[in-house]
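Participant: Note that the protein sequences, when read in sequence, are chains S and X. Residue 362 in this note's numbering sits at position 362 of the first sequence; the count goes up by one each step and never skips. Residue 557 in this note's numbering sits at position 147 of the second sequence; the count goes up by one each step and never skips.
No wet-lab data here; the hints were simulated from the structure. Every residue gets a Cβ at the ideal spot worked out from N, C-alpha and C, and that includes glycine. Mixed in with the good hints, there may be bad ones.
Claimed, not checked - The following label-pair restraints were derived from C-beta to C-beta distances:
1. 291(S) to 470(X): 49 to 55 Å
2. 301(S) to 422(X): 28 to 34 Å
3. 352(S) to 470(X): 48 to 54 Å
4. 589(X) to 5(S): 34 to 40 Å
5. 364(S) to 488(X): 57 to 63 Å
6. 301(S) to 551(X): 55 to 61 Å
7. 555(X) to 4(S): 50 to 56 Å
8. 531(X) to 301(S): 40 to 46 Å
9. 5(S) to 488(X): 19 to 25 Å
10. 605(X) to 4(S): 45 to 51 Å
Stated by the list, open to error - Which bits of chain X does chain S cover? Going by a derived footprint, with three or more residues having C-beta under 8 Å, they are:
11. 466–472
12. 591–604
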Amino acid sequence: MNVLGLLRVALRALAVNKLRSALTMLGIIIGVAAVIVMIAVGGGAQARVEEQIRALGSNLLLILSGARTQSGVRLGVGSNYTLSEDDAIAINREIPEAIAAPALRGGAQVIWGNSNWATQIYGTTNHYFDVRQWQLADGRVFEPAELSGAGKVCIVGQTVVRQLFADANPIGQVIRIKRVPFTVIGVLENKGQSMMGTDQDDIIVVPIATARGRVLGSANLAKQRAVSTIWVKVADDLDTKAVEEQVRALLRQRHRLQADAEDDFSLRNLAEIMAAREASSRVLALLLAAVASVSLVVGGIGIMNIMLVSVTERTREIGLRMAVGARTRDILGQFLVEAVTLSLIGGLAGIAIGVGAAVAIAQVAGWRILLSPESVLLAVAFAFAIGVFFGFYPARKAANLNPVEALRFE
Amino acid sequence: MPENLIHTRELVKTYRVGDNDIRALAGVSVDIARGEFTCVMGPSGSGKSTFMNMLGCLDRPSSGEYVLGGRRVSELQGDELAEVRNRNIGFVFQTFNLLARTAAVENVELPLVYAGVPLRERRRRALEMLALVGLAERADHQPAQLSGGQQQRVAIARALVTQPLLILADEPTGALDSHTSLEIMALLQDLNLRGMTVVLVTHEADVARFARRLLRFRDGHVVEDEANARPEDAQAALATQKAAA
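Next up, chain X with everything else stripped away, as it sits in the complex:
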């Protein structure tokens, strides 16, 4: 059996708010294999965002174990976590989080800057990623000159540029119209088909239908973990939508 890419055991995260301890995660044990397309769902306050921060090494668990690609990252801190984020994780955010007044190609380069990749090399790799998401000819455009969908594509290119183990997408379609949402989902599905592991957080059931596995959170627990044997094809949905219009 191939080793799971993500392995968590009894992940707990408590926050102190005033005099009360809030348990955002109350012992979550999940395994995710390489090449999976997992969707994390749940109402706000269910702990899905906290779980996402744990997987993304943005935060440390209060207790429990997290192994990413064979490395026990739950014991790392500070700059070690920054290095894991840099090398192994690609983030896609709801609000894109691109640097304003900065060309698309430079936005894509950013993780390589912190990885210490020389300028020529990182420019080449960034352009390659932009081509992959279909924005090769927009490399010099600044975010303000791009549409929402295009901005999210740049963000996806940025997430891919370090060749991470995992793409973590936090409500990637939350700020997009339905047509553009489908395009982004099609892109993520395409990446997944090429072998990339994708974990997607959303509260839209509409988006979840494209994933192959669904994790439902409530009150800090995983209350549902079901496989979707027949995920919808976003590309096909796009074609149907076009035909209807």
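Just chain S, same shape as in the assembly:
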């Protein structure tokens, strides 16, 4: 009998026990739906992490000033400004694969007209925008004269624009940072939250010399060119690990550290941290799908169970079919097609429900989901395989029946 004929026989057999067929399919429906929802949610979480990596800028190294020990108390990273602007300049000069931006950081109250806002002040160079892959939404970057001459100009982030200027155009306005008037020359585009959840747009960028001299200057910065942080971007398609070692060697040499001395700075490979996060979110997504697929296997066992019952119930029919000339493969095919029909119809219903549930989750809970055609295809293939796998044993049992005994079966 051909497949179409077998399919007709299977559909008729399944239609005889509609409720039973539907309940059997339910196992597969739930399994497939669960797999699809889990893959969609897991994929969404992964996509979010990947987006954060892109937002941060890939291939990013962060160098922090080292720890200072005061009367035996180790004060932690950044307690001593061991880095200087010259380190950044040296990196830019010696390592062509890297762009370095020195940065001084501090908080300050800013005032414009009647409004005021406490924000983060970043003293850095124009390299910072390249390193962070951060474009200007409006205005311009610093002029060389402004950088070297401690010009009183600033570039503001979106949060500052919103808090301070509301609807006014900030370009050309004069704001006061710690009572020093600054002219706004540019506006940064929206960057969003960092992966730690801090608002990256709550920032004002000023030339590093200006920051040192007029805003953040204090006794701490006795070393005149000290900076707290150097951001380093490694050119794309290059091994960040190798460049990281070059940077470390260069800094140790400049800081005249002995071979056995510890680094007096701390070098962090952000891309690596992000990659680890991505890997863990991928493992989570896989785990979710694996748990969901357990319910698919349970559904498959349900199919096997019902097919065994069906073979027993229809023993006489099998005997009759054998008597009128059905071969082993005809009977095997008949019950196999029946099992696969159950699992495939269940699978298709499961896809519909799974996609619906994933979309509902996205709408109601606001979670990010990612529905891929591959995951749907995978679910169908899985349902098919379950049907074949769990249908084979009952089908073989039917095909191996002895026709005499089958015909005599009560």
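With chain S's structure known, arrange chain X on it following the hints.
Facilitator: Using the frame of chain S, we list chain X on its own:
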């Protein structure tokens, strides 16, 4: 002398039940010519059902030889036997064995499905057979909508549809009332008159009187093999019954 349709020599079938070997057939040698109407009788356990299964190629003998239509089928197995059943043998059972919720015409088609006959052709042949048994206008009825006699007619149409060498009827009237039994016997007699070889298994002497030859089984042996020179005419018996009523 024309070759016999059925030729068995020393057919033996033993079953193993627990630790004992049961000899269901203890060396049966029978020849049946084309066009015969043979009735197989015997008490239960006499081996008549086992003999029937052998003739129908549903089971294989433990030893001995069975030649059907010139082919040594005792040496075949599995799917080869299925093919012999499909092409050469038409079965009629006591309980009809029709597929439930399946139209009469589709039930008749079933053997042709396994023979690989295309849909249009098998529908035509099935309808032809239904007409032959007088059920042309019931082709679309499901078994549950048919009387016992009509169901058995559908089963006979199914047995005939592959144009087999032989009709094997196992207690075909066992589940029918006497009037319907006569009708079925009349149909089988009519088929026999047209040349079909019929082998009928029964334990009712009442049915056996319509056959032209009687094989009596006991303890796995054929103990009696007699010709009935003047078998009764089921059609006439039917008329008599009608007149009496």
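Participant: State for each hint whether it applies.
Facilitator: Each hint tested on the structure:
| no. | hint | result |
| --- | --- | --- |
| 1 | 291(S) to 470(X): 49 to 55 Å | 51 Å, holds |
| 2 | 301(S) to 422(X): 28 to 34 Å | 45 Å, violated |
| 3 | 352(S) to 470(X): 48 to 54 Å | 51 Å, holds |
| 4 | 589(X) to 5(S): 34 to 40 Å | 38 Å, holds |
| 5 | 364(S) to 488(X): 57 to 63 Å | 59 Å, holds |
| 6 | 301(S) to 551(X): 55 to 61 Å | 39 Å, violated |
| 7 | 555(X) to 4(S): 50 to 56 Å | 27 Å, violated |
| 8 | 531(X) to 301(S): 40 to 46 Å | 42 Å, holds |
| 9 | 5(S) to 488(X): 19 to 25 Å | 22 Å, holds |
| 10 | 605(X) to 4(S): 45 to 51 Å | 37 Å, violated |
| 11 | 466–472 | holds (count 3) |
| 12 | 591–604 | violated (count 0) |
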